[in-house]
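S.K.: Put the two chains together into one complex; each comes in its own frame, and the hints tell you how they fit.
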Amino acid sequence: MNIDEKLYRVRFNIDPENPHIAVDKEKCKKCHDKICLSICPAEVFKLDGDEVSLSWEGCMECGTCRISCPEGAVEWQYPRGGYGVCFGHG
Amino acid sequence: MTERFDVITVGAGPSGCVAAYLLAKEGLDVLVIERGEYPGAKNVSGAVLYRKALDDILPNFWDNAPIERYINRQVVTFLSKRSSVSLDFKNLDYAQTPYNAFTVLRGRFDQWLAKKAEESGALIMNDTLVEDLLWENGKVVGARVGKEEGDVLADVVIIADGANSLLAEKAKLRRPLSPENMALGVKELLKLPKEVIERRFNLVGNEGVAYTFVGEATQGLEGGAFLYTNEDSLSIGVVCTLSGLIREKKEPASLIEFFKADPMIKGWLDGAILKEYSAHLIPEGGIHMMPKLLSDGILIIGDAAGFTLNTGLTLRGMDFAIASGVMAAKAVMKAKEKGDFSKSSLSAYQRFLEDSFVLKDLRTYKNAPNLLRKNSIYTVYPKMICDLAERVYTVDENPKKKLLKLVLDEVKEKTTIRQFLKDLFDGGRSI
Numbered sequence: 001m002n003i004d005e006k007l008y009r010v011r012f013n014i015d016p017e018n019p020h021i022a023v024d025k026e027k028c029k030k031c032h033d034k035i036c037l038s039i040c041p042a043e044v045f046k047l048d049g050d051e052v053s054l055s056w057e058g059c060m061e062c063g064t065c066r067i068s069c070p071e072g073a074v075e076w077q078y079p080r081g082g083y084g085v086c087f088g089h090g
Numbered sequence: 001m002t003e004r005f006d007v008i009t010v011g012a013g014p015s016g017c018v019a020a021y022l023l024a025k026e027g028l029d030v031l032v033i034e035r036g037e038y039p040g041a042k043n044v045s046g047a048v049l050y051r052k053a054l055d056d057i058l059p060n061f062w063d064n065a066p067i068e069r070y071i072n073r074q075v076v077t078f079l080s081k082r083s084s085v086s087l088d089f090k091n092l093d094y095a096q097t098p099y100n101a102f103t104v105l106r107g108r109f110d111q112w113l114a115k116k117a118e119e120s121g122a123l124i125m126n127d128t129l130v131e132d133l134l135w136e137n138g139k140v141v142g143a144r145v146g147k148e149e150g151d152v153l154a155d156v157v158i159i160a161d162g163a164n165s166l167l168a169e170k171a172k173l174r175r176p177l178s179p180e181n182m183a184l185g186v187k188e189l190l191k192l193p194k195e196v197i198e199r200r201f202n203l204v205g206n207e208g209v210a211y212t213f214v215g216e217a218t219q220g221l222e223g224g225a226f227l228y229t230n231e232d233s234l235s236i237g238v239v240c241t242l243s244g245l246i247r248e249k250k251e252p253a254s255l256i257e258f259f260k261a262d263p264m265i266k267g268w269l270d271g272a273i274l275k276e277y278s279a280h281l282i283p284e285g286g287i288h289m290m291p292k293l294l295s296d297g298i299l300i301i302g303d304a305a306g307f308t309l310n311t312g313l314t315l316r317g318m319d320f321a322i323a324s325g326v327m328a329a330k331a332v333m334k335a336k337e338k339g340d341f342s343k344s345s346l347s348a349y350q351r352f353l354e355d356s357f358v359l360k361d362l363r364t365y366k367n368a369p370n371l372l373r374k375n376s377i378y379t380v381y382p383k384m385i386c387d388l389a390e391r392v393y394t395v396d397e398n399p400k401k402k403l404l405k406l407v408l409d410e411v412k413e414k415t416t417i418r419q420f421l422k423d424l425f426d427g428g429r430s431i
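First to last, the sequence lines map onto chains X and F. Mind the numbering: the first sequence is residues 1 to 90 in my numbering, read in order. Mind the numbering: the second sequence is residues 1 to 431 in my numbering, read in order.
Careful, some of the hints might be misleading.
DSS-like mimics (lysine-lysine), calculated; alpha carbons at most 25 Å apart, straight line [stated by the list, open to error]: (1) Lys360/F to Lys374/F; (2) Lys27/X to Lys170/F; (3) Lys249/F to Lys25/X; (4) Lys52/F to Lys334/F; (5) Lys116/F to Lys27/X; (6) Lys172/F to Lys34/X; (7) Lys250/F to Lys25/X; (8) Lys250/F to Lys30/X; (9) Lys46/X to Lys250/F; (10) Lys46/X to Lys249/F; (11) Lys249/F to Lys27/X; (12) Lys29/X to Lys249/F; (13) Lys249/F to Lys30/X; (14) Lys249/F to Lys34/X; (15) Lys250/F to Lys29/X.
Coverage of chain F stretches by chain X, computed from C-beta distances (three or more under 8 Å per stretch; other residues unrestricted) [what the hints assert, rightly or not]: (16) 98 to 107; (17) 118 to 131; (18) 175 to 184; (19) 243 to 251; (20) 265 to 279; (21) 286 to 296.
Rather than coming from a laboratory, the hints here were simulated on the basis of the structure. Please read all numbers here as calculations on a predicted model, not as lab measurements. Yeah, the Cβ is synthetic: ideal placement off N, Cα and C, and Gly gets one too.
Next up, chain F with everything else stripped away, as it sits in the complex (with noise of 0.2 Å):
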């Protein structure tokens, strides 16, 4: 027999969760559908949850749901061969109720998620693949599933099956993805018991740190590093563009392995145990690669839709896919009061979004993926920047010059004044 809900949600991430719980509040039937064995199975990711979006449905969240540390510190690092330099800020306000972000874990932070969506009265169906959707006169009715039920009807079903969206392909929404818009991340989940984490970096109770490092850490790469606090353990990782690693024809696991072997990293993993490995991939494209958002019947949400935000200091992608599963559920609910789940009536979705941080933010930040894109960020600048550091500090027997000269030497040594103001203009613009 073939089964029909009010909506259909592909995918039980944030989005897919977050969209579920608020329509199955409002007593829609929906149903979600995760491939893997339990919602997180297949989710990676870094992870700073900035608080905001998740407040705003779910207040006070951070009192029940498994967080790891709030994060009241966070500093970037430009690293070179041999020295570092870091922009480190610190608030003691993060410190305090409401906070600003989380560290998480998705494999217990997404299940927790679920369980919100099933105790609102959402149907979770883990273990099943949506092998295509249901098409009848141009307008998406259901999900085809493998398995002996077969097909699912919804009025509407919402694509939320992360960033390597096929569906979003297969409903011809977006375009085959590129690798220039892609990032790749590959994580490793060490732990450390708690107390060492919490002497090793300086935390009282459960404050957390988020490093992200720039430069020697990928090698030049186009891309970052990162470091974050886990309450037993420690997320450190590598993201690179696709284009990046295609070019220079870098392995994901050794660089890694390099940034862990950084003198300046290595005595912060001493005695910390691999616990997991992972790998996955990142929409950097901002709102050039933003996919069709609607059609009849149909919305996508979250890393699906490329909702992320690499501003080169922070990354965002859980707030912006609980914030669009938010919109999305808004939309599907006036589309249910006129009983219209044409493409018009469901545009409201876009207009949600269009009035939110989501693509307010996009499109502030529209040109910082070109940007991020340039070599010379992670190449002539962190090391500059070092070596800046070393001629202020250096104490020998030349005569000392003054700030500006010495800003004006490095210049002239890595590059033209010219480049350089250019460069400084462009990323003032972009970021």
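Looking at chain X on its own, in the form it has when it is part of the complex (with noise of 0.2 Å):
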């Protein structure tokens, strides 16, 4: 089973206008690992050329991404109040 097929049994209330997570991207293209490519539960990270492109639309919230960063490239925060993953079952 495939990520989107996992994502799309999670109800998430995207918030259109303010995405939570932006990554700088000066600091990516220095960064050798890219260890956000792997280390995502949500693969929210692409390689889109030789950029690092996001799709926060289907963030779960976990953080994983701005701890484990070398560069300290994720700048993260939480989505407004009411918005983003809403786990049913937890």
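M.R.: Structure (structure tokens):
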């Protein structure tokens, strides 16, 4: 089962105007490891050419990327109140 | 207009709800601020809830709380590629009141606990993110919420915003989290009919079983996998340290797929339907990652304070969260009597924790996080145990050796006697 099929079972209240994650593309360019590409359980980070792009809409808000990025390139906030992931079972 | 409360609790998980419940019961004006659509909406847990801490404040809570099953069997399984060895503990007393542990699903359970806080008089404000704390002369005096209401003031703010506590960092009570101290859990909730679960896991009535798996379950990464029975679903997942995931560049979503496909596991999941996928951080650094627990007008409880305990055999968090909520409430009541919410007055919280199992257990197991970060625990020993069992049970044309000789052969094949004795000693000393 791929990640899209997994995330399809999760409910999200997407806040279209306000992405809660951003990456500093300059720092990403210098980063060799790009651990964000493998470590995110929702696979939010993708390589678009040689740039890191992100689909923050499917973020489960664990915060792993923020702690794991060796360059400190991930700017990470919680989504606005009421938005973001909404687990029914947890 | 700026609203004023006696106490604000940030986060409506078990620790925040319990603190709010107790303080509201004593007549204080308590506001619980929850960023999710409802309490539990952001929360994920294995989840085995050990009974004692909650029973102390809500006696016989299992009679009306949404518990899934009581756990009267706990199994630790060492997995290698083609075999497994289990330590299987079952206790008939655990199948009777007052029980020992339960499985719960946080979406429902946290809402129930928040309802208890509400019934005792606390105000629960959902859909609201605390963006920052409000300070006055170096003292916390309230919370800034991202709404028109603006600021909310209080004598004391209790930080219960979970493992990834941005507020504890903003308050400079904790250094930024490091991958060495954190584990990532990924989990799936799989639906199966109640009767199928009971037949498949040999459960009578509302009995439940909690399995943990070590070794091949995580492809040798530092961590483990779990499978718990709920009423009509299974909670299955993998927990690995961030440092291990970073080193090996493993994808968490594929780890859970790998585990589910294990021949030992696969049969149990036959016909199960995925209902939810989830992920959450777990603070596993123990006493070494404990933040400053309090300052003027502020206390930190639950996961935000790093209160979880992984001994390798049990993984506890919710009972620590609940107990820390109780201690915080006691300390705030004392401070309220004195009308003094300064750091020195609130330091009673630290003393209560020191006298309770929370800090006693974290200190007892102070070496466990280091031990459990050793890669050989996951690569060498599960395979050694499985291979030893294979040598015992395989009957072929070769003459048999006695057990001690088999153990020595295994040890020499996979490590050295010296290293083995050292690991045995470290293990015994740590857990």
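S.K.: Now look at each hint and say whether the structure bears it out.
M.R.: Evaluation of the provided hints:
1. Of the supplied pair hints, the one linking Lys360/F and Lys374/F holds, its CA atoms being roughly 24 Å apart against a limit of 25 Å.
2. Between the alpha carbons of Lys27/X and Lys170/F the distance comes to roughly 23 Å, so the proposed pair stays at or under 25 Å and holds.
3. Under the criterion of a C-alpha separation no larger than 25 Å, the hint pairing Lys249/F with Lys25/X is consistent with the structure, at around 21 Å.
4. Proximity of Lys52/F to Lys334/F is assessed by CA-CA distance (about 24 Å); at most 25 Å being required, the pair is judged to hold.
5. Taking the CA atoms of Lys116/F and Lys27/X, the gap is near 47 Å; set against the 25 Å cutoff, the hint is violated.
6. Our distance criterion of 25 Å between C-alpha atoms is broken by Lys172/F and Lys34/X, whose separation comes to about 28 Å.
7. Simply put, Lys250/F and Lys25/X have alpha-carbon atoms about 23 Å apart, close enough for the 25 Å limit, and the pair holds.
8. At most 25 Å may separate the alpha-carbon atoms for a hinted pair to count; Lys250/F and Lys30/X meet this at roughly 22 Å.
9. A hinted pair counts as satisfied when its Cα atoms are at most 25 Å apart, and Lys46/X with Lys250/F qualifies at roughly 15 Å.
10. With a C-alpha separation of about 15 Å, the suggested pair Lys46/X and Lys249/F falls inside the 25 Å cut-off, and the hint holds.
11. Annotation: proposed proximity of Lys249/F to Lys27/X holds, straight-line Cα distance about 20 Å (limit 25 Å).
12. This hinted pair checks out: Lys29/X and Lys249/F have alpha carbons roughly 19 Å apart, not beyond 25 Å.
13. Under the criterion of a C-alpha separation no larger than 25 Å, the hint pairing Lys249/F with Lys30/X is consistent with the structure, at around 18 Å.
14. Proximity of Lys249/F to Lys34/X is assessed by CA-CA distance (about 10 Å); at most 25 Å being required, the pair is judged to hold.
15. For the proposed pair Lys250/F and Lys29/X, the alpha carbon gap of about 22 Å is at most 25 Å, so the pair holds.
16. A count of 3 residues in the stretch 98 to 107 of chain F with a Cβ less than 8 Å from any Cβ of chain X is obtained; the coverage claim is therefore met, three being the minimum.
17. Counting residues of the stretch 118 to 131 of chain F whose C-beta lies closer than 8 Å to any C-beta of chain X gives 4; at least three are required, and the coverage claim holds.
18. Here the stretch 175 to 184 of chain F counts 6 residues with a CB under 8 Å from a CB of chain X, which clears the bar of 3, and the coverage holds.
19. Counting residues of the stretch 243 to 251 of chain F whose CB falls under 8 Å from any CB of chain X gives 5; the rule of at least 3 is met.
20. For the stretch 265 to 279 of chain F, the stated coverage by chain X holds: 6 residues have a C-beta nearer than 8 Å to a C-beta of that chain, and at least 3 were required.
21. Coverage of the stretch 286 to 296 of chain F by chain X is violated in this model, with 0 residues showing a Cβ closer than 8 Å to a Cβ of that chain against a need of three.
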